[in-house]
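All chains, full assembly: derive it from the sequences and hints.
Keeping their order, the protein sequence lines are chains A and B. 1 is the number of the first residue of the first sequence in our numbering; add one for each residue after it. 1 is the number of the first residue of the second sequence in our numbering; add one for each residue after it.
Read the hints as simulated data drawn from the structure, not as lab findings. The beta carbon of each residue, even a glycine, is placed where N, CA and C say it ideally should be. There's no promise every hint is true.
As the list claims (entries may be wrong) - Below, in silico cross-link-like pairs of lysine-lysine (DSSO-like), each with a Cα-Cα straight-line distance of 27 Å or less:
#1 K102(B) <-> K177(B)
#2 K76(A) <-> K408(B)
#3 K492(B) <-> K231(A)
#4 K490(B) <-> K33(A)
Unchecked claim - Quick partial rundown of chain A residues pointing at chain B, CB under 8 Å, derived from the structure:
#5 V242
#6 H243
#7 L249
#8 V251
#9 N253
#10 A256
#11 L258
#12 T260
#13 G267
#14 A272
To be verified - With beta-carbon atoms standing in for the labels, derived distance ranges:
#15 D446(B) <-> V54(A): 49 to 55 Å
#16 Q428(B) <-> K81(A): 27 to 33 Å
#17 Y63(A) <-> D389(B): 41 to 47 Å
#18 Y358(A) <-> G474(B): 54 to 60 Å
#19 E68(A) <-> D196(B): 56 to 62 Å
#20 E121(A) <-> T481(B): 38 to 44 Å
#21 K497(B) <-> I105(A): 40 to 46 Å
#22 V232(B) <-> K81(A): 55 to 61 Å
#23 K497(B) <-> L122(A): 55 to 61 Å
#24 S386(B) <-> V54(A): 39 to 45 Å
#25 I352(A) <-> K497(B): 31 to 37 Å
Each chain, letter by letter, is given below.
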Amino acid sequence: MKESITKKIFNALNERFQLDNLISFLKHKSVPKYRNTIWYYFGGISLLLFIVQVTTGILLIMYYKGSEDLAYESIKFINTKVSFGWLIRSIHSWSANLMILAIFIHMFSVYFLKAFRKPRELTWYTGVILLFLSMGFGFSGYLLPWDELAFFATKVGTDIAGQLPLVGDFLLKLLRGGEDVTGATLSRFFGLHVALLPGIFVVFLTMHLIVIQRQGMSEPEEWKNKKESEKETIPFFPNFAVHDLLIWLIVINILAILATFFPWELGPKADAFASAPVGIKPEWYFLFMFQTLKYIPAKVWFIEGELLGIFTFGLAGLLWVLVPFWDSKTPKGKKNKIINYVGIFVISFIIIFTIIGYLLD
Amino acid sequence: MYKYFISLIISLLIINFSSAKTKKNFIPNASQQTVNECLTCHFDNEDGNGEPAHLFKKDIHFNKGITCAGCHGGDPTKDDMDEAMDKNKGYIGVPSKAERYKVCIKCHSDSKKMKSFGSNIPTDQFEKLKGSIHFTKSINASTPIADCITCHSVHNIASVKDPRSTVYPTKIPKLCKSCHSNASFMKQYNPSLSIDQYEKYRTSVHGKQNAKGDINVAECASCHGNHDILSVKNSKSPVYPSNVPQLCSTCHSDKNLMDKYKLPHDQYENYKNSVHGNALFVKQDLSAPACNDCHGNHGAVPPGLESITNVCGTCHAFNAELFAKSPHKKAFDKLNYPECITCHSNHKILHATDQLLGVGKDSKCIQCHKNNTNDKGYLIAGEMKSLFDSLKIADSVSTELLKDASLKGMDISEAEYSIKQIKQILIQARTITHLADIKEFKDKLDEGFVITNKTKQAALDAIDEYYFRRYGLGIATIIITFLVIVLYLKTKKFEKKK
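In structure tokens, the structure reads:
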């Protein structure tokens, strides 16, 4: 009986790269099947959106010009003259936001499922760092179209960084490339967005994926005392991978719908001498922090209100990153309700202050 | 009886007091001015009529009984020179140039004193003079440029109504000229001010009539004021650009006065409602023409037939230039038509609408051109209007399509920028109508048609692109949905296998 062409190609590759080992690994890898399995897909969705970002970003670089004089015009050119330029730019912008949303959901699902517990501390640390890096991508990418809103939002954002004691002034100049937001800031942000951040991101993403593959999928806490035969799982390949693919297709479709029906806008060109437009807001994922800083009084006891806010968020962020370190009960198999309460508080805080930021100001 | 006696005594007392009071304030008139020993010497010692004492006998002040001491101080009742000119009796001699006005205002700013001389002339002259450009501008910062004596002279002062007065209307132009036509004098105060006002004035209708002795026509003071003369740059000055029409209307809207000269009196009313009046009064555009911008100010004359285009052309230069090249110029000259005015009127110039062109009922062309196959002008007017309207329609079609594309969220900023040029092209085409050349007119409108065609295409492309995106999305969604279904069925198959 003659071998099919596919089989022949597979055999040739298998002979050279030992694909059998990989297939065997994938066949043995399984994903727990229970009521919370749905949350396991958000890591994959985040990865897909990152791939979309890289692909559309590379396409945009072909036409984007990262200088004060040409940035805005090049985006306009991409939007109006380049074939499907409008689609690529809109998908890049929408995908950036959906990626951060997916990472947030992924992070909170990991948090509530206590998947950060030993031995997956490193997965958690690298994951949270990836979220911070994604927010850095968002912040640096927001300025690149060099439109009015981006210009002033960056001004406000970097001003907040400048409030830090001792390092504030240095940090402000480092970010802006001078005293003010200028073409130098744009060049820096462009460099950060397309070179520095992607480099660092890939390192942490690789670490994140390697440790996941090495340690496998986290099982629910209640399975700790279950026998292997009692655990219901689905094979990662092909079952979970096909599910993943199915969801990816739906996400791509959602992206296409958003890009077509709500193409990403481009405001008037940035003008350093113009007065700041009313109601400047940062991107939604920074809004809860921005809004909170507004409500803190100018002076609390002897500390500057804004500084107190920055320190509080810094400390809260650090505690959040270090949750595997201070949650001693969960690894011992005990229930830690405080973890859940903290998580609910954080989610509620973010949602409420984001809504207030959009509705009230 | 006793009561009647008391009443008589009181009445006599009142009469006695009243009489005493009258005597105290009584100021003698010329016939009563018997005691003025100054004149006894000064009159005899003078050579002739031009000398002060001789002049003073004809002065209005002399007639009112005011002696030399009224201004110079001293005691005019004494025939001894030392006694008469005793400084202890207030003798000041000839008042200094810086302070001589003070001698005049002693009485002229005191209404009670003026009334006592039987004069009703206002007593605010000095207050007005103080704020005038003549009083404030001084090179030595202490002497006024012009004071009372500069204009009213001294010793032979006469009432303004007296033809002998230096400020009698027919004498004012020459009086003002004495300084304002003196280049070296004027240079000290305002080097940029021209010194030919008098020469121009004498060429004007006002100036000619004034020279004939007509005191009803405007002279310098009629427009600039007298004691309170302000700089033309001062918004309170009657000759400030936005005040000029009202100033001219004081005489030119006076029916009785204008009837004497057989002139119309509706110019101001017409001007007020004109496009120029609207610009000047409503928009406060000081560059808009007031009366003097067309008629001249000092040399004011009605523009002649030949000069109308030049007058209008001062601002509407391009229109004037085109009209001069047009076949209408020759025809209008032949028919003695007053060029611009023929179509646009003069004082009541309304906003020139597009209806003025063509052969419609509001058209100006049909005033001369008739619906006749031999009348080429009629055909061209009709064609020009038709082309003009076509561009306007093409513009509105493109604009509507662009609006539609914009509402659909498409970026058509480049086309939106281009379509704005149509407005400019229409303005230019309106100007070219003055050339009355169909080829030039068509060439200009063709520039517009190129733009409207391009922008219309851009709008249609954008609308097509909008639908392409939606159809594309629809097809992509169908394919993705199909793949999703296939994958879903595949997973079901895997689960079954398991």
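ask   = Would the hint on H243(A) stand, with a C-beta cut-off of 8 Å toward chain B?
value = holds (6 Å)
task = With respect to the beta-carbon atoms only, verify the hint that D446(B) and V54(A) lie 49 to 55 Å apart.
result = holds (51 Å)
Cβ distance range 55 to 61 Å for K497(B) and L122(A), holds or violated = violated (36 Å)
ask   = Within 27 Å, alpha carbon to alpha carbon, are K490(B) and K33(A)?
value = holds (18 Å)
request  = Evaluate the given range 27 to 33 Å for the C-beta pair formed by Q428(B) and K81(A).
outcome  = At 30 Å between Cβs, range holds.
Distance restraint hint 38 to 44 Å, applied to the beta-carbon atoms of E121(A) and T481(B) = Given range 38 to 44 Å: holds, Cβ gap about 41 Å.
key: S386(B) versus V54(A) beta-carbon gap, inside 39 to 45 Å or not   = Taking Cβ atoms as reference, S386(B) and V54(A) lie about 60 Å apart, which means the hint is violated.
ask   = Holds or violated: 56 to 62 Å for the Cβ distance of E68(A) and D196(B)?
value = holds (57 Å)
query = Can V242(A) be said to touch chain B, with a Cβ gap under 8 Å?
reply = At about 5 Å, which falls below the 8 Å cut-off, the nearest Cβ of chain B leaves the hint on V242(A) intact, so it holds.
key: Cβ separation of V232(B) and K81(A), checked against the hinted range 55 to 61 Å   = holds (57 Å)
task = Identify whether the interface hint at N253(A) stands, where standing means a beta carbon of chain B within less than 8 Å of its own.
result = Hint holds; N253(A) Cβ to chain B Cβ min 5 Å, cut 8 Å.
ask   = Are A256(A) and chain B close enough, Cβ to Cβ, to be under 8 Å, as the hint says?
value = Result: holds, 6 Å to nearest chain B Cβ.
The earlier numbered hints that this structure contradicts are 8, 11, 13, 14, 18, 21, 23, 24, 25.
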